[in-house]
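Undergrad: Residue-level listing of the chains:
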Amino acid sequence: MSEITLKNICKQYDDEHYAVKDFNLDIHDKEFVIFVGPSGCGKSTTLRMIAGLEDISDGELWIDDELCNYLEPRDRGMSMVFQNYALYPNMTVYDNMAYALKIRKMPKAEIDEKVHQAAKTLEIEHLLKRRPGALSGGQKQRVAIGSAIVRKPKAFLMDEPLSNLDAKLRAQMRIELSKLHRELGTTIIYVTHDQTEAMTLGTRIVVMKDGIVQQVAEPQKLYNNPANLFVAGFVGSPSMNFCDCYVEREGDRCTLRLGSRDSERKIYLDGVKAGMLNMFHADEQVTLGIRPEDIYEYEEAAAGGFEKNTIGMVKKVETREMLGAEVALYFEEQGSTFGARLKPENNTQVGEEVALYFDPDKIYVFDKITEENIFYKEGM
Amino acid sequence: MSEITLKNICKQYDDEHYAVKDFNLDIHDKEFVIFVGPSGCGKSTTLRMIAGLEDISDGELWIDDELCNYLEPRDRGMSMVFQNYALYPNMTVYDNMAYALKIRKMPKAEIDEKVHQAAKTLEIEHLLKRRPGALSGGQKQRVAIGSAIVRKPKAFLMDEPLSNLDAKLRAQMRIELSKLHRELGTTIIYVTHDQTEAMTLGTRIVVMKDGIVQQVAEPQKLYNNPANLFVAGFVGSPSMNFCDCYVEREGDRCTLRLGSRDSERKIYLDGVKAGMLNMFHADEQVTLGIRPEDIYEYEEAAAGGFEKNTIGMVKKVETREMLGAEVALYFEEQGSTFGARLKPENNTQVGEEVALYFDPDKIYVFDKITEENIFYKEGM
Amino acid sequence: MKTKKGMNVTPYFYLIPSMLVFAVFLFYPFFKTIYLSLYKTNKLGEAKIFVGLGNYTELLTSASFRNSLKVTMIFVVIVVIGGMLLGLLTAVLCNKAFPGIRVFSTAYALPMAIASSSAAMIFQIMLHPAVGIVNKLLGLDINWLNDPNTALYCVAILTAWLNSGINFLYFSAGLGNIDESLYERASVDGANGIQKFFSLTLPGLSPIMFYTLVVNIIQAFQSFGQIKILTEGGPSESTNVIVYSIYRDAFFNYRFGSASAQSVILFVIIMLITLVMFRIEKKGVSY
Amino acid sequence: MSQTASMTLKRKGAMTQEELLELKQKMSAKALTKRRTKTGLRIAANVAVALVVLLPLLYALSIAFMPSSELFTTEMNLLPKSPTLKNFADAFTQVPLLRFIVNSFIMAGCITIGQIISCSLSAFAFSFLEFKGKGILFMIVMATMMVPGEATIISNYLTVGNWGMLDTYPVLIIPYLTSAMGIFLFRQFYMTFPMSLFESAKLDGCSNLRFIVSILTPLTKSAIGAMAVYTFINAWNMYMWPLLVTGSDQKRTVQIGISMLSAVDSQSITLMIAGVVMIIIPSISIFIFGQKQLIRGMFSGAVKG
Amino acid sequence: GGKTTAEATSGAAGSTSDAVASDAAMADASEVDGTEITFWHSMGGVNGAAIDTLVKKFNDENELGITVNSQYQGEYDDSLNKLKSAQIGNMGADLVQVYEIGTSFMKDSGWIVPMQTMIDADSYDVSQIEPNLSAYYTVDNQLYSMPFNSSTPIMYYNKDMFAAAGITDVPDSLEAIGEVGDKLQSAGAGEAISLGIYGWFFEQLISEQGLDYANNGNGRDEAATAVEFDSNGAAKNILTEWKALYDAGYAPNVGRGGDSGLADFSAGKSAITLGSTASLKQILQDVNGKFEVGTAYFPKVKSSDQGGVSIGGASLWALDNQDPKKLRATWEFVKFLISPESQAYWNAQTGYFPVTVAAQDEAVFKDNIAQYPQFQTAIDQLHDSKPEYAGALLSVFPEARATAETEIETMLNGTEDVDTAVKNMAESINKSIEEYNLVNE
Ligand SMILES: Nc1ncnc2c1ncn2[C@@H]1O[C@H](COP(=O)(O)OP(=O)(O)OP(=O)(O)O)[C@@H](O)[C@H]1O
Ligand SMILES: Nc1ncnc2c1ncn2[C@@H]1O[C@H](COP(=O)(O)OP(=O)(O)OP(=O)(O)O)[C@@H](O)[C@H]1O
Ligand SMILES: [Mg+2]
Ligand SMILES: [Mg+2]
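Protein chains in written order, with our numbering: chain A, 291 to 670; chain B, 291 to 670; chain C, 455 to 741; chain D, 1148 to 1452; chain E, 664 to 1104.
Extracted from the complex, chain A is given alone in its bound form (with noise of 0.2 Å):
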C-alpha cells in the first residue's frame, strides 16, 4: 500500500510569486492521478516536490504516514518518467533499464529477470543492446517507461511522457499505458496538457491554473459538472463556446437572452436550473457556455425535443472543417468564434446560414463576477 497525501503544499521560487499553493490532495493506493493545467501552472513543479527534485517552501508531504519533506529523492522509493525520457545516452536500454536496480546492488540474476520481463511487458526485448541513440521517439517511451517499471516503486511519477510522440505512437501508447496500470496496481501520477489523455487515462483529474487547484474529480464528471468557468473551458476538445446573456424571469420558467437585453435569441430553462438561477435578480448578466457537440440543426432539435425551448441561432459560417465523421462550422458570436459539431451530412458551405438550436439541457451558466458554474453539484 502507498498512500500520498499533500498537505497545505506550497511553492514560491521567489519571494512575491507562489508557483503552487496550498495544494491539498489525498492520492489513494492504486489510483491514475492526473494533473492538467495550462503551460506555467505549478503541474511540473507538484510533480517534482513529490519526487524530492525541488524543496517544499511551506506545507507537509506525508508518504504512507511518513513526513517526507526532506527526505532525499532516492530514499523516497518513486519512479519518474521525464517528459524528454532521460535516457542515459551513453548506457545500453539494458543498462538504462538496470541502473537503479544496480545501484541499489541487487543480484545480477534478479536483475537480469526483471529487466527481461519488463521488456517483455513493454515489447521491447529485441532493443536491449541498443543505444538510446538508434531508437525512435516511441521506443524511447517505452524504455523509459521501463526504467521505471522494474523499480516496484511507491508510485510512478510521470511528466507529460507522450509528448514527444507523433499522435499515432501516442494513441497507442495510450492504451499500454492503460493496461499496464492495471496490470501492474501501482499508483500513478501523471502531468499532460493532452485532453484526451486527461480524459482517458486517469481515475480522477486535478485542474489547475496559476499554482491553484480547480477542481479534482473523475473525469466524467469534470466533463460534466465543471466547477466553473476556466474548467469548463480547459477541459473538452474543441472547448466550449462561452457568451455573455441576460437572466429573465416568466414565472418559474427562466429565459436566458443572448447578446443584449432585448436580443430575441432566447433560451428557455424549467425546473431544477431554472430554480437555481432564482439568485440572479432579472436582467443580470451571465455567462453561458455550451459545447460544440452540444448545438444542433432543426432536425436533431427537433427529434431531441427541444427546438421550442431554444433559440434558432441563424448564422453565416465563417468557416467549415470537413473531419470525415463529422463536420465543424465555426461562426461568429459577440466577438468571438462559436463552434458546432454538426453531422457529416450537413452541406452547409462558407458564406451561407445555418439555423443553430443550443440543447437547454446540456446548457451551463456561470457567474459574471466569481465565474463559478451555478448548476455545479458538490460532490458529484
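None of these hints come from the bench; they were simulated from the model. By construction, the Cβ of each residue, glycine as well, lies at the ideal position given by its N, Cα and C atoms. Wrong hints could be hidden among the right ones.
One-sided excerpt, in silico: chain E residues whose CB lies under 10 Å from chain D [said to hold, decoys possible]:
(1) N710
(2) A749
(3) Q791
(4) A911
(5) S942
(6) V950
Given the coordinates of chain A, work out where chains B, C, D and E with the ligands should sit on it, guided by the hints.
TA: For chains B, C, D and E with the ligands alone, coordinates are given in the frame of chain A:
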C-alpha cells in the same frame, strides 16, 4: 495566373533508390493542394524541387508554360514557409517581412506599404518592432506567412507549417490559413501529416507513399472513395479498422465471413456492391475495412435498419476511452486492435462484453494482393 | 553560376582566401621541408648532398633521437592527462552556480591568456632551488629544473597548467551540454554524487573529451617556447622533445636536413595518432 | 502554517500539532545546515584550487613590485616588503613598450579580423555548399594543424623577404590570415545552423555573400567572439615570426619587447617579470572582456569531430 | 665622437694587406652624405639602452651625414639565425653584432668585409685596440671583426662568508676550492660554489691549463677537423676535478647557462660563483649590501696550471653589401664606437671591457673604477693573460658548447663516468665538424 505542372518528376539521392518517382500533377491557379503521406515518402523532397532547393533528377517542371528545371530558386517566384518558420532572429519582424523586397530593391515607401498591409491582414501590426525571439509560436507562424505574402509570389509552398504549434493554436491557425487562401487567391502547395489539416484545408489532396503518388482527390472523396488500402488506412483519424474475411455467394447476395471460413459472423451485401464482388470466386479471402464511426450498438443499428444485414460481433472491451463527446472502445480482432466510436451514453467498462454492428453501406473491401479498393469509383 | 549539368564552381571561390594562405605559407614550405629531408644541407640550409632516406635511417638509429621520441611521448602523456585533469577538476568545481562563480571561472580560464615564454620566465623563478617560492613553501631543497628526474615533469606540468585554461572552457561547455534531467533521474533512481559523476558526467563529457584530447595532443606535441627557456632540452637531454630537437638542429647545429626529417616524422606521428583516435571514436564514443 | 493546524490527519493521531511543528522545524533546520555546509565546502574547494592555479600569476605580480635584492634571498618572500614601481618604470624607459603594445594590437587585431573573414568564408563553403572534393579539401585543411611551425618558418621568411615586405605590418599579418582551427570551429558551429534559414534566404533572392554578411554573421556572434578572443591571444603571444620579419622598433611587438628587457650577462629578473606582467594585462583584459563569448560560443556545437 | 677622418688617418699603422680576397671598395668619407646603414645587435636591457644612447649620439654628432639605424634582433642565437635567413635572400644589415663562437662561421660565410680591409684603407692605428681582445678575432694576421662587448669570466666570492670561515687566501683553482669547501660550508654556506654548467667555463678551464680545444692550432691555423681536449687530457682534468667538487657537495648542479649560479650567490647561499665581468653591476644590485662582494681571477683547474683566460662576448662584423658608401659609413660608425670616449661610456654602463686602451684615461672610466673597485680584477686578469690563449675557433661551436654542457650534466648526474663523458663529447663534436666540413666547402 500561375499554373504549375509536374511531369514525370523523379528524384534520386543515390543510384538505386528513388525518393520521388514519376510524380505527375497539374496544379491550377488558386488551388490549395495538400501533400500527405507517411514520414519519408517524399513530400518535402517534391516541395523542395518545386522551390528549386533540390535538383530535379528527371522529368519536367513547368511554371506558367516555362520549363523551370534549372532556374535558380530566387527566379522561380515561389515563396516558402518552413516548418520551423525560418525567421531571421537578428532582424525585427518588420525587417523579416521586408527582407525579400529589400533584396529586390523595391522602393522604401512601397515596401512599407506592403509590409503594413500584410501585417494588418495577419493582425500582427503591433509586433512589427519585436524580434522573433519575443514572439509566441502562433505569432511567429504569422510572421513567417507575412514574409511570404508581401511578395505576391506565384505560389506559396508550405512544409508542415503548423507542426510546431500546440493543438489549440493549430486549430486557430488552420482557420486563419483557410481565410487567407480565400482572400489572397494564390496557389498554395502544402505539406502536412496532420489529418485534420489535410481534410479541412485543401481543395485537393495528394497521397504519397514511398515516393509514388497513390491518389489525388478532393478531401471528402478521398475519405469516401479511397483508391486502395493504404489510402483508406491513412486518411481518417482514428483510422479505418481492417480484418480478413471470406467471400461467399448466396444468389445475388454476397456474404462476407469474418475471420475463419466457418465463422458465424457475417455481413450481407446487396445490389451493386454484391455485384462488384462477383469477380472473386467463392471462399476467396479479401480484406474488409470499416471506420470506427461506422460501428454501432444494437439500438442504433436497428434504428438505421441494418441490424439484420450485419454481424453482432460480441467482443470483450480491452480499453475504453471516454472522450467527452463520444466514447471509444477498443477490442481485439484477428490479432490487431479494432476501435469503435459510440455515443457517450454507452457505459460498457473494460472487461465487459458488447455486441457491435457494422454498417454494411460503409464497408470497404480490398483485394488481398493488389490492395485495391474493389468499390473504387474512378473519377468520382 | 549553375550550369545545365548542375555543376557549380562558386563554392571554390569561398575557399580561395584560406587556401591561398595555406598554399603559400604551409603547403609550399612543408613540401620544401620534405624535399630538404632527403638531403644533407649546408650551413645556410641549402640542399647539398642527396642522401635519400639517409636522414631518416640515421635518426631512427640514433639513441639521441630515440630518447627524444621517448621524452616526447612521456611529455605528451603528462601534459595531456595533467591538463585535462586540471581542466576537468576546475570545470566540475564551477559546474553548479554558487556565489563568486564568475571570479573563479575567470581564474581557471586565465592560463590560456599567457604566452608560454612569459609563463616559463615565471616558473623559472618559482622553481629556482634557492630563491624559488616552491621550495620555500614546500620546505624542500629540490633542484627541480636541473635534476633529470624532475625537469621533464616540471616542464610538462607548466604546459599542462597553460593548457588547463582552454580545457576548462571546453569542459565547461561540455558540462553545460549534459541534460540536467539525467541527473534528476539518477537521483530518483537512487544514485549518489560519485555514482553520478562516473556514470553520467564522465560519459556525458566523452564527445567533448575526445575533441579536447585530439586538440591537446596536437598542441602538446608542438610545445616549444617553455622548453627553450626553462631547460634547453636538458638536463641530460631529459626534456629534449622532438620540437626542441628540431629547433636545435635547424637553428643551431646547421643541420637543416635532419631537422626537416624530424619535422616530417613528427607530422606523421601526429597524423597517425589523430587518425587512430578518430577510428577509436567511431567505434567507442557513441553518444 | 496556521492552516495546517486546523487540519487533522486521522492516520497521524499519535502526534500532536506541537510535536508535528517541532519535528518540521527541526528537520528544516537540519536541511538548511546541510545545504550551507555544501555551499561552504564548494567555495572552500574553489578557493584552494584557484589559489594553486593562480599562484604563478600572483607570485609574478608580487615579484614585479620587489626590488631585486628582495627576490634574491633564501627567506620567505611571498609579498614585497618595500613595494616599488621602479621595475615598471624601468621597463617603460628601457624599451618603447607602449609602441610595442600598439603594434601588437594592430597585428593581433588585423589577424583576428582576417581570420574571421577567411575562416568564415571557408567554413561557409564547407558547411552550406556542395562541391567536388569537399571531403578531401577539408582533410587537407585539418592536416595543416599538424605541421610543426618550425618546419615552415624559415621558408616563409624567405618568401616574404623576396616580396620585399620585411619590417612592415602586412608581413606580420598575412601568413596568419587563416587558420585550420578557425575553419574547424566555424564549420562545427555552422553545422548546427538551421539550413532552412539559408534556403529561406535563397528563396528571398539573397546571394551567398549577402547571406553571410547579413544573416550568418549576426547569428554566429558567439562563435565569432570565441574565435576572436582565442585568435587575438594567440597572435598577441607570437614571438618567432615577428622577430624574424621585423627589424625596427616601429614594427616590433610586445613579446620581443619582453626579450629586450633581458640583457646578456646582467639580467634583472624583477625587471623582466614586471615586463611580463605588463604585457599579460592587455591579453587578460581581452580575455575577461570576451570570456562570456568564449564559454558560450566555443564548441557549443563542436561535439562531433 | 665626431673625429674627422683626417685625424683618424693620421695615426697610420703598419699592417698587412695581402690576405683578404674581398673586392669590397670603400668610398671616401666625403661621399657618404645621406647614407643610411643598419646595425643589428643583441643587446637588451641596460646594454641595449647604452647602445641606443651611443647610436643617437653618433647620428646627432657625425658631420658626414650618416644615419645609423640600430635594431635589436633578439638574443645572439636568434640574431645569427635571422642573419642566415636574411643573407640567403640578401636582405641583411650593414653591421652586425655576433657572439664569439660565431666567429668561425662568420669568417667563412663569404658575406663579410674584414675589418682589416677598412683599417688598411683608412690607415687606422690598430695599436689603439687592446691586444688581448683583438687577438681573438685575428686570424692570419687579419682582424676580421671589431671586438665590441668583451668580457672575461671572473670569480665572485662572499667576503663576509670567507671572513666567517677564517679564510684569507682566496682559492685560485677548483682544487683549492675543494680544500676550503668544508670550512665555508660549516661557516654557513649552503654550498661552497654555485658553479653553473656553462660551455664557456669549460672552454676557459681548458685555456687556463694552457691547452688547446681543437686541432690545427685551436682552429686558427686552418679550420679545425677535430677536437683536441680529449687527447691532451684537458677535459679529463676538468671533469675529474668538477666531479670531485660535486661529489663532496661543494658544487651542486645549479643548472645550465652562464647566469645559473648567480641567484644562489646573490641570495647568500653559495660562497663563490663564477660569472662574466659584465654581471658585476647586476650582482651588486641584487645583493644590495646584504654582504660584501669580492672578486678574484677565474680559477684554474689545479693551482699548478699555467694558462690564462680568453675573452667572450661579441664583436662587430661589417657585411658586404657591394656599396662603397655604406661600407665607409659603417667604418665611420665602428670607429666612433671604439673611440675612447664611447668605450669609457660603454664600460661604465655595461661592465664590458673598454676595447680601446686610451679609454682607461677617460674620466668616466676612472669614476666607474672608483665606484666598482672589483672591476679592477677583471682588467688585471685580462692583462695578465697572454694573447696566445685567445681561445679556439670552431665552425660548430654553438653545438659543441651545448654538447659539452649536456655531457657534463650527464656525468654529474652519475649516469656516465668521466672518461665516457670526455669520449662522448669528443666523438659527438668531431662528427659534427666532419659533417659540417663535408657539406660546406
Ligand atoms: N527554477 C525556477 N525558478 C523560478 N521560477 C520557476 C522555476 N521553475 C518553474 N518556475 C515557475 O513556476 C511556475 C510553475 O512552473 P511549472 O514548470 O510547474 O509549470 P507547468 O505547469 O509544468 O507548465 P508546463 O505545462 O509548461 O510544463 C511557472 O510560473 C514557472 O515560471
Ligand atoms: N539529402 C538527402 N540525401 C539522401 N537521401 C535523402 C535526403 N533527403 C531526403 N532523403 C530521402 O528521401 C526520402 C524522402 O524524404 P523527404 O524528406 O521528402 O520525406 P518527407 O515525406 O518530407 O518525410 P517527413 O514527413 O518525415 O518530412 C527519404 O527516404 C529520405 O531518407
Ligand atoms: Mg511542466
Ligand atoms: Mg518533410
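Undergrad: None of the hints should be skipped; say for each whether it holds.
TA: A quick look at each hint next to the structure:
{"no.": "1", "hint": "N710", "verdict": "holds (5 Å)"}
{"no.": "2", "hint": "A749", "verdict": "holds (7 Å)"}
{"no.": "3", "hint": "Q791", "verdict": "violated (25 Å)"}
{"no.": "4", "hint": "A911", "verdict": "violated (21 Å)"}
{"no.": "5", "hint": "S942", "verdict": "holds (5 Å)"}
{"no.": "6", "hint": "V950", "verdict": "holds (7 Å)"}
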